[in-house]
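Dock chain B against the given chain A, drawing on the hints supplied.
Here's the letter readout for the chains.
Number of protein chains: 2
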Amino acid sequence: MHNWVECNDNIEDIVISSRIRLARNIKATPFPNIISNEEGRNLVTSIEDAFFSSDSMKENYNCVHLWEMDKVSNISFLEKHLISKKLIENSNKSAFISDKDETVSIMINEEDHIRLQCISSGGDLKDIWSYCEKLDDYLEEKMEYAFDEKLGYLTACPTNLGTGLRASVMMHLPALTFNNEMSGVLNALTQVGMTIRGLYGEGSGAYSNLYQISNQLTLGINEKDILSNLKAVVNQLITQEHLSREQTLKKYNYEIEDKIYRSLGILRYAVTIDIKECLKLLSNVRMGVEMGIIKDVSKGVLNDILVNTQPATLNKKFDTKLAERELNLKRAQYIREKLR
Amino acid sequence: MHNWVECNDNIEDIVISSRIRLARNIKATPFPNIISNEEGRNLVTSIEDAFFSSDSMKENYNCVHLWEMDKVSNISFLEKHLISKKLIENSNKSAFISDKDETVSIMINEEDHIRLQCISSGGDLKDIWSYCEKLDDYLEEKMEYAFDEKLGYLTACPTNLGTGLRASVMMHLPALTFNNEMSGVLNALTQVGMTIRGLYGEGSGAYSNLYQISNQLTLGINEKDILSNLKAVVNQLITQEHLSREQTLKKYNYEIEDKIYRSLGILRYAVTIDIKECLKLLSNVRMGVEMGIIKDVSKGVLNDILVNTQPATLNKKFDTKLAERELNLKRAQYIREKLR
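Top line first, the protein sequences correspond to chains A and B.
If you read the first sequence in this note's numbering, its first letter stands for residue 1, the second for the next number, and so on.
If you read the second sequence in this note's numbering, its first letter stands for residue 1, the second for the next number, and so on.
Since the hints were derived computationally from the structure, they do not count as laboratory data.
It is possible that part of the hints are untrue.
Chain B residues, not near chain A, derived (Cβ > 10 Å throughout) [what the hints assert, rightly or not]:
(1) 100
(2) 186
(3) 319
Below, computed lysine to aspartate or glutamate pairings styled on DMTMM-like, alpha-carbon distance capped at 20 Å [said to hold, decoys possible]:
(4) B:330 / A:258
(5) B:27 / B:140
(6) A:250 / B:326
The model shown is predicted, which means the values in this text are computed figures rather than measured ones.
Cβ atoms here follow ideal geometry from the backbone N, Cα and C, with glycine treated the same way.
Pulled out of the complex, with its shape left as it was, chain A reads as follows (with noise of 0.2 Å):
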């Protein structure tokens, strides 16, 4: 597994990341959402016990406590997709283990007791999928999951029930996001039980022009037949996509050219940038990485900018809580030294 953020630019264009996460719960112990505070850490101590009590998993893995950092930290592990906004919720009794690559996330206390998510660059979900599982397999040893022989995996939401597997991949649909056709998407993926949302929740899709596309069900279908229809999925948004982009190439022409290469030289040279602006920049100059038309960017380059520009990682850059009016400013000193 790669960490998505320093993806190597072999990687097939479009689909930035995948991710894999798996709902688990400990057997006859209450849900995260009514348990108080100390039983919450609790838990976390011995979900910790269990889970570092081999030397490799010492060494490798660290846990972080969420009730012992500040605010801004942790919104930032949020922008990095290492945790969700229901973890940072449950601040007062939640923790993640992570590894240094961050590629693993084990929340503890989110909606339900575990919620283990590997996260790589790339689409190969196959190998996200052995990884997920054999971590799946090492916790399964050392504690007793909630498991019922009809209903499988058993989850605070009814939604994670049976397989408590959500697959996502992160992909860059500009073409179809400016040709107005992401409704028509969002319509189809919908239909074969899948689900499509922005990179940084509801709406931030239009800016970004990034989404992650997801399943649905969780139940009555095994992990194989989840992860390869939404492979299938992501195969054929890849071809609309291609298709959207020759066509509007096609159409446009030398404007899409000159979109893409302004987008770079706004960026270069930007004394002050707003996220919104940022995200609707860095998807245009993507699309110019894509499509062979820049050759002076890394996608790696792209993908930093986008995480560490985020408000809340760029606050924790300084240490202090700035005004959006500075962190405009050190928003726009970080990309220009970043694409020098």
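Relative to chain A, chain B alone:
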């Protein structure tokens, strides 16, 4: 005198170039408007003969007959400020004599028989005047001007009677324009017998922020006073523009720097650009250079781009009549190469 396009960068900021022109007519000869093409061309020949009677003139000057040139070439001379629209209107019988540096242009059969103009970078009107006077004396030795003891030099239009002198200074006034102070400036100038117009005629100032300030009065005032009055007004405007820039910087701070740098970024990266946007961005970058914010771009390069990206001059470069779409591509390409 220095070619205003290839200006050296030590000249004072804000003032780009200065121009003096003298309107002169040959005694007992009808004004250009009412003579036939044949009579006009004969007049061109006789003025040429007189002018090129000296060897040094033969060596340093050249005469262009507008009726022998294509339309694009003639408009390109206009865009370089070598000739006027009126000279092109009379192109069946008009010509101009200019030096290699293109600082002098003696138009023949414009509104008057002779329009002697000298343009130089910077604001040194005295220097230009002494050059202009010398050429005027030289011509007056060779031919008899229409002159009246009471009215001075006789001209086709009464607004040029007397000295026949029109002096103009091209200034870059982005802050006064941005702060909507230009209509106030126009009112004030009118009251002291001066006027102001955009670089390429009425209204164009709003894009380029380049304005020509010139005297309206030519009669009842001697040459020295015309020039010193103009110089005083120009100095006043320099002070006003500086003040306006300081206030704008204080008020908007980073936003101004941002606008300046983004403009440079777009000029360096755009794939297609129209003339209006080009003028606007050039003005922003010029302000950056004048304020010492941008250090790696010279004013000479900005003037070069200003002139060479004008439609006819650009068309002439490619020896063809390009459609606007292609012209915008060529313009962007020219700018990218110049700003590399």
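### Query
If you check each hint against the structure, which ones fail?
none
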